[in-house]
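If you want this note's numbering, it's the position in the sequence shown, counting the first as 1, plus 16.
Hints may contain errors.
Simulated DEER-style distance windows between Cβ atoms [as the list claims (entries may be wrong)]:
no.	residue 1	residue 2	range
1	D50	G169	16 to 26 Å
2	F170	N44	32 to 42 Å
3	L220	V127	33 to 43 Å
4	I103	F159	19 to 29 Å
5	F145	L229	21 to 31 Å
6	R201	T133	29 to 39 Å
Cut-off 25 Å, straight-line C-alpha distance, at most; resulting in silico cross-link-like pairs (PhoX-like, lysine-lysine) [as the list claims (entries may be wrong)]:
no.	residue 1	residue 2
7	K106	K86
8	K18	K85
9	K85	K208
10	K18	K197
11	K197	K86
12	K154	K85
13	K81	K242
14	K130	K86
15	K63	K106
16	K86	K210
17	K81	K210
18	K18	K154
19	K89	K208
20	K208	K197
21	K210	K130
22	K18	K63
23	K197	K85
24	K86	K18
25	K81	K208
26	K154	K89
27	K81	K154
28	K86	K242
29	K63	K130
Keep in mind that the hints were calculated from the coordinates and are not lab data. Where a beta carbon is used, it is the ideal one built from N, C-alpha and C, also for glycine.
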Amino acid sequence: MKRITEIDLFRFTAILLMVIFHIVYDLNEFMGIDINYEVGFWYYIGKVSGLLFIIVAGISSNLGKSPIKKALKLYIFASIITIISFIFFKEEYIRFGILHFLATMTLLSVVLNKLNTYWLILIQLIAYFLYRITQSIKITNPFLIPFGFTYYGFVSVDYYPIFPYIIYYILGIFIFRLVYKRGNRILPFEVKSKCIEFISRRSLEIYLLHQPLILVILYSIKLLQKLTFLA
């Protein structure tokens, strides 16, 4: 199938929102600038970015090759992020972040993309039902964290459990079947940009590198301000 530039635009938008949200997050957490990212506008910037990534991943699951190989690659990077986040964030480290979730969904896509619409809707309904259960039950077994069950005091800087987020991944599969598989598109216009396509293709690399780069830039600016003040 010919590359769908619209999907590149959606992924590019998710990346842009992610970078903006993490700049705000870093300004608050590391630079001491009081910006509340846990509610309101900045919270939704981060949430929309995450959901857009998941939906686009669901759409793209019908287009990519070697899903098992891709899933293993994502699991490796997700494990590295877990280790690094434990070093820097201790108890708030990432147990099952968006990369862990996407790796799991990429693996499951081998089965999901073979199911008919009715089975997928049933899975969504079950996922929502289980999500509601996870909100009222606390557990002591950490192995259930990927499914949305948490213990008292659980905190993580990035948490995307299978329930409820598999609902949005399957939504992406539906969008592919109803729109792109039929040769249609969502937007009334077509965007062709080498820059957008390049960034879209490098989304994993950008995800892995953007946070360290943002922190380097912010700390460099802070250092320059101190040197300027001393001068």
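Verification of the supplied hints:
1. D50 / G169: 16 to 26 Å: 25 Å, holds
2. F170 / N44: 32 to 42 Å: 21 Å, violated
3. L220 / V127: 33 to 43 Å: 23 Å, violated
4. I103 / F159: 19 to 29 Å: 22 Å, holds
5. F145 / L229: 21 to 31 Å: 41 Å, violated
6. R201 / T133: 29 to 39 Å: About 20 Å separates the Cβ atoms of R201 and T133, which means 29 to 39 Å is violated.
7. K106 / K86: Not OK: K106 and K86 at ~29 Å, beyond 25 Å, violated.
8. K18 / K85: Distance ~22 Å between K18 and K85 Cα, so the pair holds.
9. K85 / K208: Roughly 29 Å separates the two Cα atoms, so the pair is violated.
10. K18 / K197: 11 Å, holds
11. K197 / K86: 22 Å, holds
12. K154 / K85: Judged against 25 Å, a Cα distance of about 34 Å means the pair is violated.
13. K81 / K242: Violated, at roughly 50 Å.
14. K130 / K86: 18 Å, holds
15. K63 / K106: Measuring from Cα to Cα gives roughly 23 Å; hence the hint holds.
16. K86 / K210: 24 Å, holds
17. K81 / K210: At roughly 22 Å apart (the allowed maximum being 25 Å), K210 and K81 satisfy the hint.
18. K18 / K154: Given that 25 Å is the threshold and the Cα spacing comes to 47 Å, the pair is violated.
19. K89 / K208: 29 Å, violated
20. K208 / K197: Roughly 20 Å between the alpha carbons, so the hint for K208 and K197 holds.
21. K210 / K130: Cα-Cα ~33 Å, so violated.
22. K18 / K63: 30 Å, violated
23. K197 / K85: OK: K197 and K85 at ~24 Å, within 25 Å.
24. K86 / K18: Distance ~21 Å between K86 and K18 Cα, so the pair holds.
25. K81 / K208: Roughly 23 Å separates the two Cα atoms, so the pair holds.
26. K154 / K89: The given pair, whose Cα atoms are some 31 Å apart, is violated under the 25 Å limit.
27. K81 / K154: Since the Cα atoms of K81 and K154 sit roughly 38 Å apart, the hinted pair is violated (cutoff 25 Å).
28. K86 / K242: Roughly 45 Å separates the two Cα atoms, so the pair is violated.
29. K63 / K130: Cα-Cα ~29 Å, so violated.
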